[in-house]
Structures are given as C-alpha cells and as structure tokens.
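Chains as they are written, first to last, in my numbering: chain U, 1 to 185; chain S, 1 to 102; chain Y, 1 to 663; chain V, 1 to 403.
Do not take every clue at face value.
[Claimed, not checked] Quick list of in silico lysine to any residue cross-link-like pairs, SDA-like style, CA-CA up to 25 angstroms: (1) K93(U) / M37(S); (2) K93(U) / L645(Y); (3) K90(S) / L106(U); (4) K92(U) / N592(Y); (5) K163(Y) / M148(Y); (6) K116(U) / E558(Y).
None of these hints come from the bench; they were simulated from the model.
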Amino acid sequence: MPELSVQLLIFMFLGTVVLACAIYAVILVDLIRAGYALIFSLATLGGIYIVLGNDFLGAVQILLYTGAIAVLVLFVVMLTRKSVDGMGRAEKKQDWIWGGVLSGGLFLLLFIGINKHKDFASGLPPIVPQSDLTLQAFGMAFTEEYFVPLQIMGVLLTAAFIGAALIARPEKKGDESGKDMGAGS
Amino acid sequence: MTLGFILIISAALFCIGLFGVLSRRNMIVILFSIELMFNAAHLNLIAFWRFGENPLAISGLMFVLFSLAISGAEAAIGLALILRLYRHYKSVETQSITELKG
Amino acid sequence: MEIWTNILLLMLIGPFMAAIFGVFGAVRAPKKYILVSIGGIALSLVCSLGFLWILGVIKPAGLLVTQFAWMDFAHSSIPMSFVVDPLSAVMCFVVSFVALLVFIFSSGYMEHDERKARYFCFLSFFTGAMLGTVVSNSLLTFLIFWEMMGLASYLLIGFWYQKPSAAAAAQKAFLTTRIGDLGLLAAVFFLYNKTGTLLFFDHGAGLLEPAQIALLQKAGLWAGAGYLFWVCLLAFWGAVGKSGQIPLHVWLPDAMEGPTPVSALIHAATMVAAGVFLMCRLYPLYESVDGLLTLITWVGAITAIFAGMIAIAQSDIKRILAYSTVSQLGIMFVGLGAGGPAYAMFHLFTHAFFKSLLFLGSGSVIHACSGEQNIYRMGGLKAKMPKTFLAYVIGAAALAGIPLLSGFWSKDEILYRAFEHDKLPFLLLCATSLLTAFYMTRQVVLVFFGEFRGTKEVKHHLHESPSLLTTPLIVLAVFAALAGLIGTPWMNLFGHFIHAPEHEINVPIHLLMMLTGTALAFGGLLLGVKLYWNRSVRTMADDPLHKLLGSFFVFLNERCRVDELYEATLGRFMDVAARLSDYFEIFLEFVNRMVGGLVYTLAWVENKVLDEWVINGIFSAGCESARIKGVLAAKFQNGSLAFYLRMMASGALIAGIIYWVVK
Amino acid sequence: MFFGNVKFDSGDQIFVWAYHWFLSLFAAVPWLQFALAVLLMTVPVLLLFPTLMGLTTWAERRVLARIQNRMGPNRVGPFGLLQFIADGIKMLIKEDIIPRAADKFLHTLAPILIVIPPFLVLTLLPVGRNMTVVVSDVGLILFFALSGFGTLAIFLAGWSSRNKFSVIGGMRVVAQTISYELPLILAALSAVFVAGSLSMVSIVESQGGGFLNILSWNVWTPWGFAGFVIFFIAGLAEINRCPFDIPEAESEIVAGHLTEYSGFKYALFFVAEYLSAFAIAGLATTLFLGGWNGPVIGEVQILPSWFWFLIKMYALVVVMIWIRGTLPRLRSDQLMSLAWKFLLPLTIVNLIGSAIYTLTAQAGPWMWVAGWLISAVLIGTTYRVLVQIVYTKDAKKREYRYA
C-alpha cells in the first residue's frame, strides 16, 4: 500500500483537474468553454509544478497561460464566432474513432512502457529542492551559459509577435487578390 | 508518489492532446491540443528534474522555459493565421481548406 | 589604446554615422544630408591617408592589431578585432578615395532624383561596410561586413525598384553572391572547428600565422586532399561569387541596372575587388596548399578571356565596362595565383582608378544623352563634351595598357609572372590584352568620334556635364594616368610596401615582356581603329565585327547564353528534383496508408465492419472533399489536414510498437 | 517562557506567538496540528479582509458624500457604521435573476471564480513581521499570475450574459488589463532590482533600517517614487477603479459585465473588487512604502508591524476613494495612449534608473549620492519629455464630435 501523504493527495487532486479540464478542452463544441477549460487545465498544471518544488516555473506557467495565451485564445474565438455559432459539431463518427484508437493505442503503449521500466518506480528523492537556490541557478544560467539563447529567444519572440500582428491585420479594401482562392474546393 | 505516476499523467495529457488533434476539425481546438501536448512534455522535464539527483542541474528546466517561450510564439502566430484563414474562407474547419491537394 | 586605434574607429564611424543620420530624418533636408555624407567619407579618406603615413614612414611594414571583447560565453569568447597592415591600408585608401569622388559625382548625377537621401544613406552604408571588411582581423567580423556589403549592393542595384529589370537584377546579384557566401561561411565553420580561433593575426596564434597553418596542414585528408585544401577551396568559392568569376559571373553585368555611380564604386572599383582582397588576405593559407594557386590562375585566365570576348560584342556602354571588369578581375586572380598579393593588389589599385573613371565617364555620357545607353546610337560626342572625352580616353588607354599609363605597369607585372608560371594562361592573358585594347577602342570610337546617330531630341539636349560631374573625372584621370608610376619595375614602391620584408620581391626589367604588352595594346588599338573609324554603325547588323564573325558575334552578343544554360540545367534540375521528391512523398504516403490499413484491421476484427471501413475508411473517408481523379497519386495528396495527421500518428504508433517488439 | 525566543515588542508578535502556542497544544496529534495550522492560516484572511471590505464600503460612501457635500449613510448603527451589514442582508435576500439567453453554467461560474484570486493573492502579502501566510520565493510573480484570473472571470461574466453591454464590458476589461499589466509589472520590477529577490518578505526586509526605520523605504528614492506613482496608477486600471472604470461605465454601457447580475452574485463582484483594491494597495505598500516597517525610536517599536501595514494599505485605499470623488472617467483611447505611450516608456526608463541607483549604491556614499541624482534627473527628464510629446498635442484643440 503506497504511503498516502498530503502531497500525494494534492497532486492527485490537481492531476485529476488537469486531465478532466484537458478532456473538456478537446471535446467541447462551445469554443469559449473549451478555451476556459484549456486555461484551467494549464494553470492547474502550474500548480503541479509548484507541488513538484519549482515555484518559479509554476508561477511563469500560470502567468503565461492566464495572462497572455488566454487573452489571445478568447479574442480569436470571439472574432471567429460567426462560424462557431452556426456550426454545431462538424466531426463525424469516424473522426472520433480514428482519434480514439490512435491516441488510446499510444497511451496504452506508453502506460505499459512506463510501468515496465524499473527506474520509474522510485519514490521522491530525499533532497528537497530549495526554491531560492533554484531561482539563483536560473539567474546565473540566464546571464552566463544561456545568455545567447536568451537573446535569440527575445528576438524570436519579438519577430513572432510582430509577425502575428501583421498577419492578423485586416486586409485592405483593395486587396482582393486572395479572395477567389477559397472557391476552389 | 513515484516518477512513473507523474509520467503516466503526462502521457495521458499528451494522448488527450493527440486525440484532439486527430479527431477535431476545428483549427482552434487543434491549436489547444497542441498546447496540451507541449505541456505534457514540460511536465515530463520537470518530473525528471525533481527526481534527479541534483536540484541545481537545471538544463531540463531551461528547456521548459525556452519551450514555453516558443509555445507562446507559436500560439500567437497560429491564432493569427487562423484569424487570417477565417477571413478568407469564412470557416475554421480543416476540411474546408484543402488547397494543397494533388 | 594606441592612437591608431582611434584613427581606425574614426574611419569606420564616419560613413556609418552618415548612414545612421540618413535613416533618421535625412529626407527632410537632403541637400544638407549629402554634405554630411560627403564629410563622413572625407573623414575616412583622411584617416586612411594617416594609415599610409604610419605604415610608410613611422613604422614601415608594420602590423597593427587591436582587439575588443565582443561575445563572451561561459567557455569561449569571440573578440572583435581589427588589423591595419599595408594590404588593408592601401585598400582603405582606394576605397575611401574612389568613394569620395563617387559621392561628389553622385551629388550632381542624382540631383533630380526624389530619393537621393536614401541613395546617399545606402552608399555611406556600403562604404562603411567595405572599410570594415578591409580592416577586419577576424573572419567573423569579415563575414559580417562582407554580408553588409552584399546587402548594400542589393539595395543599390535595386535602387530604381520600379524598373522590373532592376528588381530582378538586384535579386539575381543577391542570390548569386549568396551561393558564393555559403562557401565562405562553410570555410569559416571548418576553420573554427579545427583551430578554435577566427583571428587572422593574434600574436602567433592567428589563422595566418605559421603555428596554425602547420596545425591545419597536419589536419588529415578528406576525399583525397588535405583539410586545408577544402577549406581554401570553399573560401575561394566565396571570392568567386563576390568577384564575379566563372561560373558565378552572371550577376555582375546585370548589376549595371543600378545608378551608374554605384556601378563605378561597387561593381567596378571596390566591392567586386573584395574577393581578390580576401584571397590576398588569406594568401598565407593558399601558399601552403598544393595546387590551389594553379586553380586560381586558371579560373582567372579563363574568366579573363571569356569576359573579354563577350565584351567585344556588346552594345550597351555600361555592359561593355561590366564585362571588362569581370575580365580584369580575372587578370587579378591570375596575378594572385601566379605571383602573389603584391601583383593582384597593384592591378586592383590601378584598376580601381581607371575603371571607376570609365564608369563615371559613361555616367556623364549617359547623363548627356538623356539616359541612352546604346553605343550604336551615340557618336561624335568629342566636340560636345571635351572634358569627359579627355578623361574617358585616358581611362580607356590605361585599361588598354598603353605604355606609361597605370594599367600598363600593373598588367605588365602580371603578364611577366604568368609567363614565368605557366605558358597557357600567359597566352590567354595576351589574347585578353588584345581584346581589351580592341573593345575599348571600339567603344571610344563609337561614342566619341564620327557623327551623332541618335534621335534629334537627344541631340538637341547634348551638353557637357556640369563641373560637379567633370571634376571627379579629371581627378581620377590624373590618378589613372600616373598611379602606375609607383610600381614600375625600376622603382617598385608599391610591391615593397605590400610585401613583408622577408618576401623580397624583385621584378626584373624584362624589356621583351614590355614590348609584348605594348605591341598587344597597340595591336588592339589599330584593329579597332581600322574596323570602326568613320563607319556609321547604327544597328547590330551594321557592326563590322558582325560581318566578320557572323553568328559567333550574335552568340557573344547574347553573352554566350550562360543565363540560358543555367536555366536549362540548374532550373531543369530543380524541376526534376521537385518532381522526384513528389513521387517519393507519394510513395511514403502509400506505405503509410497501407500501414494505417493494417492498424484498422487489427482494431476492427468484425468482418462486416472491416469490409466497410477498409473500403470507405482507407480509400475515401477522411477525404470526401478530394476530387476523385484517375491518377492514384492524387488520392494520397488530398489536402486534408486531418488525413495527414492521422497518417503521421499511425506511423509514430507503428514505430513505437516495432520498437517494443524488437526490444 | 511562553514567548520562547520571540521578542515581545508592543504586541508586534502577538499573533505569531499565539499561533505557535495554540499549535503546540496539539503536538501529539500531527494530522490535527496540520489541519489546525491550515485553518489558522486561512480563517484570519477570510475574516479580516471581508470585514475591512464592509467597513470600506461604508467609508467610501461617507467620504464620497463629504466630497460631494452630502451626509452619506448615517442611520444604521453609530455614524451608520453598520450599514454594510444591512446592505449584505439586502443583497442576500434579493432575487437572483439569470437571463434566459445566458449561458447558465458560465453565468453562475463567473462570480465564484472572481472571488478566488483576490483571496489567494492576499495570502501572499506580508501583513506583519513573521506574518505571511504563504512565503514564496517567487511571491511577486505568483501575485501577478493569480491576479490575472480576475480578468478572465470578468470576461466570462460579460460573455456568458449574452448582453451587448456585458460583452463590450468584458472586451474592455481584457484590453485594459493587457495594456496595464506591463507598466504594473515593470514598475514592480524596480523594487525587485534593489531587493535582489522576488520574495515579498525579502523586499520588505530590504526596506528596513535607516533613520527612524522610515528613510529606507523605496518611495524616498527617485525611481521608487516614480515607480510607486506608476504602480498606483496602473494598479487602479488593473482593478477597474475610478478613473479607469471604463468596463462598467454607467453612462455608456449601463454596468458593463455587471449588467445582468443581481442579488448575491452582484455582491460577490463587489467583494472581489474591494479585495483586489486591498491587494493592490497592499502590494504597493509592500514594494514601495516599506511594508510593515514603521517608525522605531531607539529599540522600541511604537506600534506593531501589522498595524503599520494595515494603516498604510488603508491610507492607499482612502486615496483611491478620494480619486474616485475627484477625477472624471477616461475615454478608452485616452486610457490606451496613457498606458502605451506614457507609462510604458516611463517605467522602462525608471527601471534603468533603479539599475543605476542599485549599482552606485553599492559603491560608497558619494557614488550613492551621484546615483540618486542621476536617476532623479533621468526619470524627471523622461517625464518632462513624455509630457511634451504625448500631451501637448491633445491640449491644443479638442473636437467633440458627439457632444
């Protein structure tokens, strides 16, 4: 019988919330609900990170998904709502079967694999990570070893967001060249 | 709490994401699912860090941070593209966009 | 920090600051901005003169190296480093001097252009980048400035982007030089991989110093040749791209779509010579490899004769000069391969003066002829524009190698070295000299003598260019005439300046060789005069050479159909490759599909379901929207994202299962 | 002794030792001790702040009334102090209306979601010396992360009501939050620079010492002052208080996301709004006003640390009320231009200023003075230039197209 610690209880609770919300996020028709489910799922995942002893990444995860990505998702869902409202469910039975069989098969594969592996049965290690030391290590890594990747990441993010803004910009009135492309199919 | 337990949760999260990608036709939901798969990978990395010997060996965590940034950029670009496609095709379903067929 | 470091930074800052000023708000006051940018270049010129003085008088044959911390990583660091040695000092002088004159010329030439502020901004940017390339002491900074030059060249060729031909030429130039740059980049990687440094000179630890060269020479074989051989070959490929040698010469003639002063500065005097400069800079490496110098000689000689032949059949005044540039660059490569940096650099030095003079002169002619560039529709300009005529004739004579003018001395040295080195390249060079004299005579005769053959309107507007345009021409003409005197065999100041003291160079006074050169120059001249004097050549059919050579002339006029050749080979190859990969993809999809079907059979054992789903699910379900075509392949590329994703996932799953089973 | 090694000082640690003493009674039963510890941590937060909130509603009405030359509520209890209880009872017994078109589940979920983040956030604040419920090394990031939920809940409320005004209100909230989160976080970062820690306790401790235990507060430095003002303004926008109450602007869109809410759900929104106000005021106190550091004379602390914290926090809340009584509401575009054109550049320069200050302060007293002056001049000049650039154009001429 496994030892039932408070930590495990919290972890199981959070894990259930994550998985349940994730399932909702992929099966709900109403995209606003699905979006909220996704955000809850990922924010709760941040909680799991904190339980696992990494406050910093947990906080960053929550900040990123409740702040930035949530807003993006909600706005895009709102802006494309005309199609969403009148749509109902576009998926056919075979879609669900394909997805279910393939992802179920993969899960089965992973489940058996993880259970078979001896190293994965080990319990929590005795060394509890001190979050201030971890944070310090992050800071040092960012200023020394990972300095250039960090800068590159900054450039990448800037480029990505400018690009996203440019792509999402409404077309000018005169720019009708792409219109008839959609008629092809 | 064992490492395998966390890995199974992460595997489940990944498979839920895969399920969404494979069975949904709405591009926004497919993007959601991709986020889920990303985060399953992050959970894996953090679990391995926690169960590793040295909490100060943070290479894996740096992966998570960079991957978070990438997934943020990916979400922004992906949603912008979806918006653009929606303006063109008046639809966000994958089945309605088949320009690349041979 | 020594004083010369400050001078160096000042030299770089001048043009770059001018470029930055141009970015921020020069549009409001273009006239003032032009003065600012000319001031920036003048500053560079003064600094480069300072370097000549330091290296010539204070510290002869010295090597000034400075180093700044630039990128410090946890385990390694890449410094930013600059060097001033005789090689770079001479090059700095050439670049800033020609650039200054071109700037002054441009201020008159581009006076009526709306976007002249932008033009000067680009030009300043180019000059700064070129100077940076020249003084780089690290391959990385060299590469950065090199690419910046490429960018500036792209921007300036496409300056009149409203012309489709200019836009296409800009793209062609950029992409073609990129093909070469790829080689240089690879060379940089390989060098860094083996030596761990990118510095040229670093107190005995630099790439060009004996210790590292010995290390590289020992670095083992690959595909039958040494490591160093391949590295040097890659770097040479970069130089070939930048300097427009065969087979990457195609961009340079097209680059004449840019404004004429740009052609003078970038595509005649400086940037295209950067490839030669790179070879001179890396000469210690090339010296230590067998066979590469011979290769360089051959590439140069073939390019020289090839481009010279094309040049005799062109009708566009700038295109003739462009092919002449390619040809002269080939001669420089011969000089490098057969002799050494001193010979190549000397020809580069003199060539910069007379070729920029010729380009600026042609700019003046085009300016006078209201934009007409076809030499068949010019003629008799001698009377209308005497100053331009005089300068142009001096430049042409220098290029043709008429004795005592600058081109004679530099070409003579190279001929001599080629003769010593190998006989066949020497003969090719002799033929090139003859052709050079011939096409320059042809051009001068058709443009300046005889009667005017253009439209009346153009004739009405004919005028001598303003003094803002002619003054730079006259200054350059003086240099084109006299610059060669610093490198005569009797008193080879230039060679002694460039070479380190241990490389004592000694060109014996070889009268026979000089006579050969003279004879070739005058032979070409006489041939040209005989064919073209007092002939009214209005179209290509009228051309006496056309009558002489027949269809070969047409072939030459069409530039030996190199572009078409590339179209037919490389373009076709790309098509075929695309199609092949297409088929491969279809094959993969097919395999995937079969595997997917297998999964289905496993999952759905019931017979009825199996029938239904194998037929529906595998061949048509998931792609209802796909049109059913007769071709089997079309079904696999149905454009349905869901279908592709499913196939990918099935593949991954199968791979996982196989992994487990095998394990 | 009872007190153990905790120094008793004007009631400073009274709650801390009471907590430890109480728990020590149950040392024999670990699980009970743990459960009691959790209760003792959470119940005070759940009691203290709602009570304060009730009092604040009263105070707000009284203060506003004074500003507007009225009396305000004065009937229920002494000076009308018990008014909030009457209001609460009224809210509880009112009918709870859900519009037929609304998404019932989400409509009910929104008010529940909205009260959670403020409570979570309040647990992160160091209320007094050794009196922080959740001590986290990344407290500041957690604060901002959790407070982000509030926006989502408001958007949910607006969207689920299926009412035009509600949706507009929801959209406005989101737009406003995105704009103001950046200056808010960047302003807070300047305090992080100086303390060298993201932990709120360390930030407060770094402001201790100095003359009378006052002069080390961040607010007395140039960057601290500017940061405090920026933080306060951005915070007002973050919690949708006047003059940034654009999402619920009564004169334009009825009540924004609150339009379709009534009864106790409506009350929950108000609870959340006041609690967020406390949270932002508390965070401003922690970051810039020295947190629980109060005047010390010799060895004697005049008043307990938690008292100082509450006083400062409450003073900021009163300032918010004062602002509400004084300033008109901004237009949406004015709000955006303030955030992006004015506050954001200023915070970035402020960050640079605090970096300069931090570097020089380590180098000795004279360098400290120089750093102080440099950052003051830097921030002051930037402020002046920004005013010149952003606001002179508007000041010249105004056209009221729909007035």
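Structure-based check of all given hints:
no.: 1; hint: K93(U) / M37(S); in the structure: holds, 23 angstroms
no.: 2; hint: K93(U) / L645(Y); in the structure: holds, 17 angstroms
no.: 3; hint: K90(S) / L106(U); in the structure: violated, 34 angstroms
no.: 4; hint: K92(U) / N592(Y); in the structure: holds, 22 angstroms
no.: 5; hint: K163(Y) / M148(Y); in the structure: holds, 24 angstroms
no.: 6; hint: K116(U) / E558(Y); in the structure: violated, 73 angstroms
Of the numbered hints stated above, those contradicted by the structure are hints 3 and 6, listed in ascending order.
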